[in-house]
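Using the sequences and the accompanying hints, generate a full structural model.
There are 2 protein chains.
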Amino acid sequence: MNRITELFGIAHPIIAGGMVWCSGWRLASAVSNYGGLGLIGAGSMHPDNLIHHIRSCREATDKPFGVNVPLLYPQIDELMRILVQEKVKIVFTSAGSPKKWTPFLKEHGITVCHVVSSSLFAKKCEEAGVDAVVAEGFEAGGHNGREETTTLCLIPAVREATSLPLIAAGGIALKCQVEAVKALGAEGVQIGTRFALCKESSAHENFKRHCMGLAEGGTRLLLKKLSPTRLAEGEFMKRVAEMEERGATKEELSEFLGKGRAKRGIFEGDLQEGEIEIGQICNMIKEPETVEEIFASLV
Amino acid sequence: MNRITELFGIAHPIIAGGMVWCSGWRLASAVSNYGGLGLIGAGSMHPDNLIHHIRSCREATDKPFGVNVPLLYPQIDELMRILVQEKVKIVFTSAGSPKKWTPFLKEHGITVCHVVSSSLFAKKCEEAGVDAVVAEGFEAGGHNGREETTTLCLIPAVREATSLPLIAAGGIALKCQVEAVKALGAEGVQIGTRFALCKESSAHENFKRHCMGLAEGGTRLLLKKLSPTRLAEGEFMKRVAEMEERGATKEELSEFLGKGRAKRGIFEGDLQEGEIEIGQICNMIKEPETVEEIFASLV
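Keeping their order, the protein sequence lines are chains H and R.
In terms of my numbering, the first sequence is residues 688 to 986.
In terms of my numbering, the second sequence is residues 688 to 986.
Hints are computed from structural coordinates only; laboratory data are not their basis.
Built from N, CA and C at the ideal position, the CB exists for glycine as well.
Do not take every clue at face value.
[Stated by the list, open to error] Computed Cβ-Cβ distance ranges for the label pairs, DEER-style: (1) R833/R / R933/H: 25 to 33 Å; (2) Q959/H / G783/R: 36 to 44 Å; (3) R768/R / R690/H: 55 to 63 Å; (4) Q959/H / K886/R: 55 to 63 Å; (5) Q959/R / E866/H: 50 to 58 Å; (6) K787/H / G783/R: 46 to 54 Å.
[Said to hold, decoys possible] Incomplete in silico selection of chain H near chain R, CB under 7 Å: (7) A782; (8) G783; (9) T836; (10) C840; (11) S850; (12) E866; (13) L871; (14) G900; (15) L909; (16) G934.
As structure tokens, this is what we get:
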């Protein structure tokens, strides 16, 4: 038992990241059923679909689970209303200021965690009344901090900056890494990549197979002129890298990116046109696993 | 006692990186005197100067010390001849293939360690007959791997790839970080930044003060078209970043870089024209320290 397991009422301080196109009710409920905290990734869901996932998750587990909300979500007001209406108890917010929505969520009795990539923002979380902070390093897949601070450097800095319960994220997939971030002062871990590639993840099989086949060094942090994003090797990354090498502007990159690229890559498994987002540690995941197997190897 | 302390005949498995313009005989002998392994950084020394540093180090300590040799060194044959002639017992090689010089050094009874940024090269070290491998992550200052693998992700991969004694490097300055990389499977640590900024380092006071004043996120990995290098915020980095943003070619960058930039920045303390190289963890080092104080906090 520590502050993280107490805060969420869970057995193990292991949280499955709420990842776009991966974290539906199936993954979230499985993680919660094995004693971790499952999160539904609202970032890729239409409001109606989010309601469906929350209700299905509740049917599939009687354990605590949560919802991850990127604060840049276009219909954010409607989404927040749904969280309250559906009586969600735990919300992880990311990609935005913790000041805007934390008071609203807390007023409705919701436990709030916020994802940060610097100790400066960790302090802002404390001021905003957030209950726990997730500090995520450069290794993480998908959208990422501009500072490029790695988990090894970030966790001691955040530990020093705030007394809030601290969850480490970014590059954590193995038991030895869970032990390592504990030594750095983290009280829990948020694991993305390993759960994104497991059997209960709603990502497409092509995506999972592609990511499990990547060698060490098979991801890169690109799109820094828009929002830094860790991409996996492949056609999309190659084209982005070429554009950036020749100094493509923000506008050119934004036009090339267009809409729905991540859905195409992760959910529809289009390895040619789709955007493939995954964490740096994917090279250590070589076989399809179930959530049960993941917990057996970590706990 | 472990394989690293036995291999070098030292009390603590703590190695001070052999850093250009920082690691002269003064720093190396102090580290060895406190029970770690001090390294002289040959990369920034003319052959005659290297002889001077080796002899001065031997006068200042009767404990084991070593020399770090970047294999791109222009007069590498002469330098290798000096290492043998001066009866250096431990050599750390970096920035090149371990196959070229390891047999020569081993024939002369020298213990050889090689610095890698991937498990692929760690395996090559094993084939080349290297005695121990230093695996250095993306967090490290100065020249850095193209794969951008962080220490947290790199160490478990290298641990899996080779049974060689393993030293972790990159982003390690604090005791909790030493514990963390031990959990990942490292048997020793190589610490750069914290020793580069200590009182015995031969770097200029301007450089040390500048780096100790940097906030979290105050370094960036740039010059990727030449050789990826972690630079500290300041005039030089600003100009490099601007050039890269507009897609400057390798040739343009190389011409801008010119010669002697690192000497100007690190050794002469020219914060306008000089190149300032330091690791990502510099924000955690706030006060000038002695080697004695560093060992007291780590051991």
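Violated hints - listed by number, lowest first: Hint check: 1, 5, 7, 8, 11, 14, 15 fail, others pass.
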